[in-house]
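Participant: Given two chains presented individually in distinct reference frames, assemble the corresponding complex, making use of the accompanying hints.
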Amino acid sequence: MDRRTFLKGTGATALASGMLPMLKVLPASAAPSGVAVVAISQTINSLDIHRKGTNRPSYQIAVNCYDRLVSFGTKTMPDGSLSYDYSVIEPDLAESWEATDSSITFKIRDNAVFSDGSPVTAGDVKWSLDRAVSLGGFPAVQMKAGSLEKPEQFVAVDDKTFRIDLIRKSKLTIPDLAVPVPMIINSKVAKANATADDPWATEYLHRNTAGSGAYTIARWDPGQQIVYQQNEKWTSGPLPGVKRVVVREVPSQATSRALVERGDVHLAFGIPDKDAQELAAKGDVTVVGTPIENCVYCVGLNLNFDPFKDKKVRQAVAYAIPYEEIFKAAAFGQGVPMWGGASAKPADVSWPQPFPYSTDIDRAKDLMAESAFKGGFKTEFSINLSLASWMEPTALLIQESLAKIGIETTVDKIPGANWRTAALVEKRLPLHLENFGGWLNYPDYYFFWAYVKGHLFNSSNYDNPEVAKLVDETLHMQTDDPDYAPKVKRLIEIAFDDVPRIPLWQPNLNAAMAKNLEGYEYWFHRQLDATKFSVG
Amino acid sequence: MKPFARLRMVLGRIGQALPALFGVIVVTFILTRALPGDPAVYFAGPAADEASIQQIREALGLDRPLYEQFVYYLGDLASGDLGVSISTGQPVLEELARRLPASLELTLGALLLSLAVAIPMGVLAATNPGRPIDHICRVIATAGVSLPTFFTGIALVFVFYYLLGWSPAPIGRLDFAYLSPPPITGFYTVDALLDGDPETAVAAAGQLLLPMITLALFTLAPIARMTRGAMLQALGSDFIRTAKAAGLSQRVILIRYAFRNAMLPVITTLGMVFSFTLGANVLVEKVFAWPGIGSFAVDALVVSDYAAVQGFVLTMAMLFVLLNLLIDITYTLIDPRIEAND
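Residue numbers (this note's numbering), protein chains in the order written: chain P, 1 to 536; chain F, 1 to 342.
Just chain F, with the same shape it has in the complex (with noise of 0.2 Å):
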C-alpha cells in the first residue's frame, strides 16, 4: 500500500468514526437521565431538606429541560470541557488524564504477559493437537477463564502478600513511601525510567506485578485458543502441505508460513479483549486499590454522577475506534492479500 492511500484510509476511518462518536454522545446523555434516581438528593446528604436538595439540583443545572441541558453538554464538549465529576469533586478530564494511564499500564502489561504466554502456548497445542501438553494448555485457560479476578486477586494477595511477603503491600501505584514519578507518559514505570529514578521504577513494577498476572490469567483464555484454532487451520491448509512437499525447514514452515497467517485473527481477538479489559477489570481495580478507570466509572454509575459516566463512555468511545483504526493498519502490515483487494 502507497503511503498516500494509508493516509487516505485513515482520515477515511476517522470520518466514518464521526456520526458513530455522535450517537455514543446521544445515547450516552439520554441513557444516564434514564436512570433511576435523582443525584441531586443523593449529593445533598441524607440529612438535607427540600431546599437545599433543590440548590444542589439548580447548581447541577438538573432543573433544566433536558434539550437546554443536552445543549449546553454539546457546548461544554466542543470547548473540552467534560464537567465535574461529583462523586470525587474533580473535573471529568482531569480523572480520566490521571486514570486512564493507570489502567492502560495495567492492561497493557497484563496483555504482554498473557501473549507472552498464550501465544506459545496456543502453538504448541496446536503443533500437539490431543497429546497431553495440548490437554494441559487446554486446562490452564480454562481454569483462567473460569476464575472470577477478584477471586484470583485476593488468593494472589494472601499467598504472595500476606502468607509469603514477596510482593509489596496491594496499595496502588506505589507504596505510600514514593512519590509518583514526573508525568511523562502516565506510566509510572516508564516515567521513572525517563526520570533517571530505576528505584521508583522497580517500586511501581513491583505493584503492578500481581494485579497484572491477575488479568493476564483471565485474558489468557481467549488469546491461547484462537492461536490455537488459527494455528490448526493454518497447518492444515495447502500452501502448508506444499511448503512441506518442497522440503522446507519444520522451523520456517511453522514461523514464516504458518503463524504469520495464523497471527490475523488472533489480533483481531486482541483488540476485542484489550478493550473488555480496561474497561472491566473494575474487580482487580479494587482489590489492589489500582486508581483506574474502571472503578471510576462504576462508582460513578452507582451514583447517578452524569458527567463522569458520559465522559468515561466517550473516551472509551475514541479509544475504540483508536484501536479499531490501529487493528486495521496492523492487517496491512502482516498480511498482503489485504493490500491487494483495497
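The shape of chain P in the complex, shown without the other chains (with noise of 0.2 Å):
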C-alpha cells in the first residue's frame, strides 16, 4: 500500500478492512485537492452527541456523520454566505410527513441507506429516537423542548412509515426534529454492539459511527484530529466536493491565525472578534461573521437583591452602560447592536431586537434619584473566567460607568467550571453577564428560558405572572396564528421596560476561510457543518 494514498481517498477499501495505509503527502496548501483541513481550537471528546459529557465541538460529529428525519433549508446572507434557514423545513431521511392534531406520520425515503448500504427502516427511527430520550441528560432536555419525551410517543408502522403521537400540538416539535440530537443510527449495527448493561451501545457509539451522514470517521486521534472520508453512498443530498476533511484541534487562537493566513488550513473555525476583525482588514482571506441567532449578551440584574427590585435602578444601569465603547473594546464591532431602538413599543416580533436604551448618563442619575436608592450602593459585578475575554473588558467599562451614578461594584471573577452553579443554578449573583442563546429561534422560547421564574437562564430571578402566562400561551402555538404577534409583542415591550436583562449585542460566530474553500455555512448550533465543502 502507498502511503500517498490515504488522503487522496483512494484508501477506502483499505480503511473498511480496518488497516489504516501509511501516507505522506504535502501541507494543506499543495494539498490534493479533495481534502479540506480546517482548525478547531477545542477538543472533541466524543462520536456520540448522546453520550453523557460529549462536550459542543463533539456535536458536529452527529451534524456530519447522521441524518435526520428532517432538515432545515440553507439561505444566502446580505453578505453572500451561506446559513441555514429556519423558516424552511426540509426533507432529509423522510421525504414527506403529515401532521395532525394528535400525531405526525413521517414516510421515510424508498433509497435512504446507512454508510454499510442497508436501508434505513422505521425501527432505527423509533430506535434512535426512544435513545435520544431514554439516555437522560442534555439529549432529552433538548427533545423535551420539543414535547419529544417518552419511547411511547414513536412508533414504526412499517418499514417506511414511522409516526410520532404528540402530548401536545407544538410549533417546536417539527424544528426540533432538525437539531442535531435526534439523529438517525443504523440501530443493526448498534445492537448487534449493544450488551445487557449498555442496551443503547453507548460503548461503542462512543468510538464509532453507524450513520447516513455525508462522511464516516477515516481516523480518530483524541486530542489532536478527526479524519471525515465522504461517504459515497449519502442520499440525502449532493455529495461534498471533498473527498475528505480532516479537523486538527489547534488550541492557540494566534497559531490558528497564523495557519489560516499561511494557508495551511482552509478554514479556522470559532476565532475571536479581534482576529475576525483584523482579518477582514487585511483581505487575504474570507471572514464570515454571522450573528448567533436568538442569543443576546446581556448583563443580569438580580431581582432578589433589594436595588435591583426597583425598576427604576434597573433602568438607570441601562442609561448608564457605555454601549458603545463596550461594542468597540469587547466585540471588536463584530455582532449585531442591542441598544439605541427606536421606540418603547417594538414594531415587529424580531428577536433580539434593540432595546430603547442608549448611553445617557443625566438620565441615568435623574432614575436613581427618583429611585429609593439615591445614595448609591455597593454591589459585586461577577464575570465567567471561561469567557474573561469579552466579560472582562465588558465588566470594566461598565463598572467605570456606574460608579458615576453611585454604584460602587468590585469585579468577581468566577472560574468556569463554577460559573454554572452559582449563575444559573443558585442565582446568587447580584450584577452578571450572561450569554444565553435558543436552539430554537423563536422569541417565545428564549423568554421561556430566559424570563421565568424559576427557569435556568433566568439568573435574574425575574418573577412576572404576566410574562409567565404570555410564554405559557405563545410557546406551542403556531407563528401564523393571529394571537401570536401581539403577545409576543407584549412580552417584548415588557422586557423593554422591565430590563431584568439589559442587551449589549447579539454576538458573531466567526471563521476565516481560504478564499478556494466554498459551503461554509452557519448553523444555530455552532458547530462544523462540512456537508457543503469543496475546495476549488
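Calculated from the structure, these hints are not laboratory results.
Fair warning: there could be bad hints in the mix.
Simulated restraints on C-beta separations [stated by the list, open to error]: (1) F:GLY196 / P:PRO393: 51 to 57 Å; (2) P:PRO393 / F:SER275: 35 to 41 Å; (3) P:ALA192 / F:LEU194: 57 to 63 Å; (4) P:GLY376 / F:VAL159: 47 to 53 Å.
Computed from a predicted structure; not experimentally measured.
For glycine and all other residues, C-beta sits at the position ideal for the given N, C-alpha and C.
Facilitator: Below, the structure written as C-alpha cells:
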C-alpha cells in the first residue's frame, strides 16, 4: 500500500478492512484537491452526541456523519455567505410528512441507506429517537423542548412509515427534529454491539459512527484530529465536493490564525472577534461573521438583590452602560448592537431586537434620584473566567460608568467550572453578565428559558405573572396564529420596560477561510458543517 | 560498588517510595474532591435539568460517600484501571500512554539541546570570569528564563513559520498529511526511524524543533548558572592547584578533574529542571498544539475531571521517584566518594 493513497481518498477499501494505510502527502496549501483542512480550538471528546459528558465541539459528528428525519433549508446572507434557514423545513431521511392534531406521520425515503448499504427503516428511526429520550442528560432536555418525551410516542408503523404521537400540538416539535440530537442511527449495527449492561451501545457509538450522513470517520486521534471520509452512499444531498476533511485541534488562537493566513488550513473555525476584525481588514482570507440567532450578550440584574428590585434602578443601569465603547472594546465591532432602539414599543416580533436605551448618564442620574437608592449602593459584578475575553473588558467599562451614578462595584471573577452553579442554579449573583442563546429560533422560546421564574437561564430571578402567562400561551402556538404576534410583542415590550436583562449586543460566530473554500454554512448549533464543502 | 549492593540500593529506594506514593494517592484524592465546582453539573451541560445532573452524578459514582469512592478508587488502581477522563472521553491510562511520550520526547529533546548549549556556556563563563564572554552568557541565561515560554513560542512561530516559512505548520507532533509511525517507544522520531521511514522521522523532527528551542531557552538558565558556579568552585579547589603545580595540561585539568567534579550539582539541577519542565510546559503545548500531558492535566483540573487529575498526579509522582533513583545511580557512577561512604 502506497502511503500517498491515504489522503487522496482512494484508500477507502483499505480503511474499511480496518487497515489504515500509511501516507505521506504535502501540506494543505499543496494538498491534493479533495481534502479540506480545518482548525478548531477545542477538543472532540466523543462521536456520540447522546453520551453523558459529550462536549459541544463533538456535536459536529452528529451533523456530518448522521442524518435526521427533517432538516432546515439554506439561505444566502446579505454578505453572500450561507446560513441555515429557520423558516424552511426540508425533507432529510423523511421524504414527506403529514401532521394532524394528535400525531405526525413520516414517510421514509425509499433510497435512504446507511453508510454500510443497509436501508434506513422506521425501526431505526424509532430506536434512535427512543435512545435520544432514554439516555438522559442534555439530549433528553433538548428533545423535551419539542414535546418529545417518552419512547411510547414513537411508533414504527411499517418499514417505511414512522409516526410520532403528540403529547401536545406544538410548533417546536418539527424544528426540534432537525437539531443535531435526534440523529438516525443504524440500529442493526448498534444492537450488534450492545451488551446487557449497555443496551444503547453507548461504548460502541462513543468510538464509532453508524449513520447515513455525508461522511464517515476515517480516523479519530483523540486530542489531535478527526478525519472525515466522504460517504459515497449518502442520499440526503449532493455529495460534498471534497473526499476528506481533516479537523485538527489547535488550542492556541494565535497559531490558528497564522495557519489560515499561511494557507496551511482552509478554515479556522470560531476565531475571536479581534482576529475576525483584523483578518477582514487585511483581506487575504475570507472572514464570515454570522450573528448567532436567538443569542444576546447581556447584563443580568438579580431581583433577589434589593436595589435591583427597583425598576428605576434597573433602568438607570441601562442608561448608564457605555454600549458603544463596550461594542468596540469587547466585540471589536463584530455582531449586532442591541441598544438605541427607536421606540418603547416593538415594531415587530423579531428577536433579539435593539432595546430602547442608549448611554445617557444624566438620565441615569435622574432615575437614580427618583429611586429609593438615591445615595447609591455597593455590589459585586460577577464574570465567568472562561469567557473573560469579552466579559472582562465589558465589566470594567460598566464598572467605571456605574461609579458615575453612585453604584460602586467590585469585579468578581468566577472560574468556568463554578459559573453555572453560581449564576444559573443558585442564581446568587447580584450583577453579572449572561450569554444564553436558544437553538430553536423563536422569541417565546428565549423568554421561556430566560424570563420565567425558576427557569435555568433566568439568572435574574425575574418573576412576572404576565410574562409567565404569555410564554405559556405562545410557546407551542403556531406563528401564523392571529394571537401570536400581539402576545410576543407584549412580551418584548415588558422586557424593554422592566429590563431584568440589559442586552448589549448579539454576538457573531466568526470563521476565517481560504478564498478557494466553498460551502461554509452557519448553523444555530455553532458547530462545523462540512457537508457542502468544496475546494476550488 | 558491587552489583549486589547496587541492586539492594535500588530495591531499598523503591521500598522507601511506596509510602510516599500512597500518600500522594490519598492527598490527590482529597484535594480533587475539595476543589470548588461540581463535575456532574459541568458535564451535564448548560441546559441540563436537576434530573439529568443526578443521572450523571450517579454514573460518575459521585453520589456515594467519600470513603466508599476512595475504596472503589483503590480497587480500580490495584487492577491498573485509572478510570475514564470525562473531559476527553478516553480512559485515563490510554490518554497518559499517548500523551506522556509526546511530552517526554519534547522535554528530553529540549533538555539535550539545552545541555549542549548550557554546559559549554557555563564552562566558558567559569574559565573567563568577569570577561565579556561571562557577561554575554549571563545575559542569554537571564533573557531565556525571563521571557515567558508562550511568548518565546509565539515569537518563534511568527518569525520562522509565519514570516519566513522555514518551519512546518505548528499543528502538533506531525503534519496532518502524515500518519503516526507504529508505536514502539512512543517517540515519533525514533519510531519512524525504527520503522525505516526517514521521511516521517524528518517531518516529526521538524515539528519538534520550534517547541524544543522554546523550552530549551527556558531551561538554559538554571543549567548554565549551575555549571558556571560548580566549575568556579572546582577550579578554585586544592586538587586543581596541585594538578596545576604538577604541570598537567590545561585540558586534562579542565575536563578530567574540574568538570567531572562539577557535574554532580549540575545533574541534581537537571533532575529538578526535567521534572519541572515535563509537567509545566502547558503553554508551549498550547502554542504548538502539542498533545502533551501538561495541557491534559490543566484542562482536566479546570473542569474538575477527577480521574484525569488523579491519574496525572500519580504518574508524575512515580516518574519523580524513578528519576530520583536514576540520579542517585548516576551519582555513584560519577563520584567515587559516594561508593566509599556507602
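Participant: Against the structure, test the hints numbered earlier, and report the numbers of the ones violated in rising order.
Facilitator: 3
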